[in-house]
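Novice: Chain by chain, the residues:
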Amino acid sequence: MGDIFIWLISFFILIALVVLLIYQLTCLADLEFDYINPYDSSSRINKVVLPEFFLQGFLCLFYLLTGHWVMSLLSTPYLYYNVRLYTSKQHLVDVTEIFNLLQREKNQRYYKLAYLVVLLFLSLFWIIFSALELEDD
Amino acid sequence: MRPSSTPFASAPPTVRPFSSSGPVAGSESSNFRPTPPGAPSTLTPFSAVGPSPPSRFIDPSVPSPSVKSVPPSGVPYQRFPTPPFPSAAQTPPNRAPPVGQPPFQPPASHVSVPPPSFRPQTQVPPVPMGSLPQNANFPEPPSDPSLSGPRPNFQPPFPGYPSKQPAVSQAPSPFSAQQGSFMAPPAPPSPFPIQQVSYGPPPPVANNLGYQSRDQMQHPGSAPPIGGVQSLTEDFSSLSVASMPGSIEPGLDYRTLPRPLDGDEVPSSFLEMYPMNCDPRYLRLSTSAIPNSQSLVSRWHLPLGAVVCPLAEAPEGEEVPVINFASTGIIRCRRCRTYVNPYVTFTDAGRKWRCNICSLLNDVPGEYFANLDATGRRVDLDQRPELIKGSVEFVASTEYMVRPPMPPLYFFLIDVSISAVRSGMIGVVAQTIRSCLDELPGFPRTQIGFITYDSTIHFYNMKSSLTQPQMMVVSDLDDIFVPLPDDLLVNLSESRNVVETFLDSLPSMFQDNVNVESAFGSALKAAFLVMSQLGGKLLIFQNSLPSLGVGRLKLRGDDLRVYGTDKEHILRIPEDPFYKQMAADLTKYQIGVNVYAFSDKYTDIASLGTLAKYTGGQVYYYPSFQSDIHGEKLRHELARDLTRETAWEAVMRIRCGKGIRFSSYHGNFMLRSTDLLALPAVDCDKAYAMQLSLEETLLTTQTVYFQVALLYTASCGERRIRVHTAAAPVVTDLGEMYRQADTGAIVSLFCRLAIEKTLTSKLEDARNSLQLRIVKALREYRNLYAVQHRLGARLIYPESLKFLCLYGLALSKSVPLKGGYADAQLDERCAAGFTMMALPVKKLLKLLYPSLTRIDEYLLKPSAPADDFKNIMKRLPLVAESLDSRGLYIYDDGFRFVIWFGRMLSPDIAKNLLGPDFAAELSRVSLTEQDNEMSRRLMKILKKLRESDPSYYQLPYLVRQDGWYHWLCRLDNANTPTSPAKLMIYRSSLLNVVNSSAPADESSPGVKTTTGKKGFARLGLLSMVVASISCLDVGQRQKTLKTGSA
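The listed protein sequences correspond, in order, to chains A and B.
All residue numbers for the first sequence refer to UniProt numbering, where the first residue is 1 and numbers rise by one.
All residue numbers for the second sequence refer to UniProt numbering, where the first residue is 1 and numbers rise by one.
Pulled out of the complex, with its shape left as it was, chain A reads as follows:
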């Protein structure tokens, strides 16, 4: 019974992460097409970078504490990447160089997005799996 709630929570956390990433990507795309200026774009992105990191860290911990260590293990590379960005102080977009780094920043977020979508499907699978199990019981 508890399992399905755990999966539901992780599912919503993942959805939230995906939304945060898509938000960052739209900011970058808007910047590229000159809808907003670099100052607004970078401040908007930088506002959500740390929440994204924390949320992801929390998700990882959450998996670990609830005993789903395989899922936890699957999300550690992402966590490791984030921590490395943070420690080398590259996690925030640099407003002065944003145009030169645009492509890199976008690619980085696309990869993250793909990664999250995979996790999302996995957790969806687990929701259904545990729901079916619940039914069986």
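Among the clues, some could well be false.
What the hints assert, rightly or not - Anything over 12 Å on all C-beta distances counts as not near chain A; from chain B, calculated:
1) Y368
2) S419
3) G427
4) N461
5) R552
6) P577
7) D600
8) E929
Unchecked claim - No more than 25 Å apart at the CA atoms, straight line, and that leaves these computed lysine-lysine pairs for DSS-like:
9) A/K47 <-> B/K580
10) B/K762 <-> B/K776
11) A/K89 <-> B/K567
12) A/K89 <-> B/K554
13) B/K588 <-> A/K89
14) B/K580 <-> A/K106
15) A/K89 <-> B/K757
16) A/K89 <-> B/K911
17) A/K106 <-> B/K757
18) A/K89 <-> B/K762
19) B/K588 <-> A/K47
20) B/K567 <-> B/K776
Since the hints were made in silico from the structure, they are not lab data.
All C-beta atoms, glycine included, are put in the ideal place defined by N, C-alpha and C.
Since the structure of chain A is provided, determine the placement of chain B on it from the hints.
Specialist: The following block gives chain B in isolation, referenced to the frame of chain A:
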């Protein structure tokens, strides 16, 4: 129209006999274009010649004699009255089939269409055999230096030295190779080597000879193939790398290296092709032939782009005209927003105009309407400078303003801590500002304000009703606030007295200050708060490492272990994100920052300079500033900074035609959108570089246009748009790109790319990538010709790029890039990097290859007329041999003079110039005017040299041949211990481009120690040369890469 060059038009009589003169075709090779190896289909440029008139527009895929496309007769020869489009009219027939002919023909119309290639189909094997004088096929405008000189092309283009003709041994080979393929086997090649020396007649002659030889052809066998010999004038210059008898080290003979003794040469052919282009001082393309395809771009290994100096100083009489459209509004294209320029075309009886960049038809506003004459030109053309001049300035209306035009605003942020007081900096600055008050641009609107700081921040109320400025001290650094809403920034003309009182008392106010701290970050924030309403120019005078409040910095660069590792570059980027954020905010509020740094200790220029970099400013660095030594330099440069014409709250955009776009920008500015450069304060000493990329795989247009538009507020309060327009042809041929290359622009782009690279990787990587690109480019060029010519151990390079190797080497030995940890102080390196990122092309080239002139003879001459200044200022090559120990030399790199006293220089001269203490250590003597003719003359020379470029002030450093040591200590930094290695490197940086082998004077210990280093410098160039040669063999590629990066 030249009669001699009309072989097409329905088979002129002279041509006819040919078709039947089969076997003797050998000497006719002059009519072939060199064919690029990359295009196999172009290898058959031989027209099949039947009885019918020959044509060169043969579809190579169908070599049958019966198939040919005869061009519309006469079209290619027509001379068009209006310059912009003749090439368009000429080219279509040319480019239809890929014949390997450069499709572009200079419209200046000295162009004779290349003679057709007559070649009996049966005789000729399909090998590319054209050796070809460029001249015959593709005449360039006569002023091209490579062509006009009587100098044989085979000779190394270095007039100063007797040529050793190193290439002789290899040179004959091309002939025999050709003969082999053309003629019956045993043609003896013997006569050729002898004639070789006389190669390379001036172009017109070559042309004539081409025809002569054709005449001879009519009598087969009657004459030796002179035409063939003449035709071998090569398309390139060359340099032999074979070892020379008598030279100490085998390899390159350094005397044959070309050297840029005439300074920067702007390729003139381009301007002649498009006379309505803007002057090259505003816009220079790295090659004025734009490649038409992606594949061509990938084979052009040099940077493809432009260097723009939008406000370059124009000489008298060439000022940019200012145009006021008033009620009409500025004429721009509806779609791409291009400004009206000389290349737009008017149609529909003058009611419409076609944009040259996006080719949209626009309506001509009623007030701007004018009738067209018979040739389609507007009748009022001569009253419309915007339609005949490449550079114009429009007065912008209110729609180009987001707020009323700002007044010129100068704000000074002055460090008054103990080190600033001791160095005397405050005195010099206060004095200079005071003396410039009258000349500040924009009277009577000019605004001015001051903040001084040590561990606290001092604001000054300069309200005009006060008699004395009021000082307010804020010591809360964490939460900085402005104590007064107004009156910190005042109108200069109203508060003139208060400002003057303040400046007079400033030095004495702090003379007893013993505060060692510097709350720079907080002071900067305070200045930002004061200025953010208006924007303007912020001048920062910083004398120590910021140590308090936000943005405090640590001592970096002491840890030697970091150097040479992957973390090394971190030392060259700002440590604290505060500086980048601050720079971004400053730009946003239209504040430009100039940083003046004076400290004798580490000040972290890497961080401070960031402020200047992203706000379009510049960094002035005076290490170990002492007012009695460096005062004059600071005075001059600060005065220049304050009084030069400045463009405020500017943005710049460069537009270009369809299919290409500018992909990256390099220089001191901040990008506000993908292609908009934000420049809060810009002036004539700033240049910006950008790189081009192709968006489409194939360009279909014949010409591309570039338009630089700078929208700014002039000091007088008028909003203006400065527009520079240039056109460049599109080519399909790599050789043409090389021919139209502009070394200056390429070097400038290389310089910026390399400096940017030092911010993300090791110095060594930056140098290697620079070197590798040059090697690749030369290799590609070599491949163009390697097939037709047996090149042997020769380096070949296009005439237009003859100095590229040298500048490349000089660049990798320039302060921001050279050596490792010990070779330049970190601060010095960063400061030079920021400076070079903004330098215009001319100035950069001078810095890379400084001028060296001998002046003792002039000084001794009893009564030399004053006007022969040009004559005495003959530049010498920068080799140790140029220095005679009996001479007196001036070395001028645009930033400083080094006056070199030979060891055996007559003591009289020294005495006259230096006064009684001439025998003392020169490093302690400063050069002042003595009361004698000789000294006055020297001063006059220095003054003249300085006047030739006022953007920086050159301080003279005196050096005696034996006494380099002390000079180096002084130059280097008196406080740090100088290791011998450091000295050696320093010395070689003086003559850093020296490629010589022999020391000037064996007995001079100073020079001797440097030999090793110089040898190394030579090796650098040599390895480039060798690498580009050995790559001939594909199998050796691996090895090449190794040598290239050695």
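Novice: Now tell me, hint by hint, if it's right for this structure.
Specialist: A quick look at each hint next to the structure:
Against chain A, the non-interface label of B/Y368 holds: every CB pair exceeds 12 Å, the least being about 29 Å. Here B/S419 stays apart from chain A, with its beta-carbon at least about 30 Å from theirs, past the 12 Å limit. Non-interface status of B/G427 relative to chain A is upheld: no Cβ of that chain comes within 12 Å, the nearest being about 35 Å off. Every beta carbon of chain A lies more than 12 Å from that of B/N461, the smallest distance being close to 32 Å; the non-interface claim holds.
Its beta-carbon lying about 17 Å from the closest one in chain A, B/R552 satisfies the requirement of being farther than 12 Å from that chain. The beta carbon of B/P577 sits about 7 Å from the closest Cβ of chain A, which is not more than 12 Å, so the claim that it is off the interface is violated. No Cβ of chain A comes within 12 Å of the Cβ of B/D600; the nearest lies about 30 Å off, and the non-interface call holds. The claim that B/E929 lies off the interface holds: its Cβ sits roughly 47 Å from the closest Cβ of chain A, which is beyond the 12 Å cut-off.
For the hint linking A/K47 to B/K580, the alpha-carbon distance of about 17 Å falls within 25 Å, and the restraint holds. With a C-alpha separation of about 21 Å, the suggested pair B/K762 and B/K776 falls inside the 25 Å cut-off, and the hint holds. For the hint pairing A/K89 with B/K567, the CA-to-CA distance comes to about 14 Å; that is within 25 Å, so the pair holds. Note on A/K89 and B/K554: the hinted pairing holds, with a Cα-Cα distance of about 17 Å set against a maximum of 25 Å.
Taking the CA atoms of B/K588 and A/K89, the gap is near 24 Å; set against the 25 Å cutoff, the hint holds. Taken as a hint, the B/K580 and A/K106 pair is honoured in the structure, with Cα atoms around 21 Å apart against an allowance of 25 Å. As the CA atoms of A/K89 and B/K757 are separated by approximately 20 Å, the hinted pair is consistent with the 25 Å bound. Between A/K89 and B/K911 the CA atoms are separated by roughly 60 Å; this puts the pair beyond 25 Å, and the hint is violated.
With a CA separation close to 22 Å, the supplied pair A/K106 and B/K757 stays within the 25 Å bound. Annotation: proposed proximity of A/K89 to B/K762 holds, straight-line Cα distance about 20 Å (limit 25 Å). Our distance criterion of 25 Å between C-alpha atoms is met by B/K588 and A/K47, whose separation comes to about 19 Å. For a cut-off of 25 Å, the pair hint linking B/K567 to B/K776 is broken: about 29 Å separates their Cα positions.
When held up to the earlier numbered hints, the structure conflicts with 6, 16 and 20 and fits the remainder.
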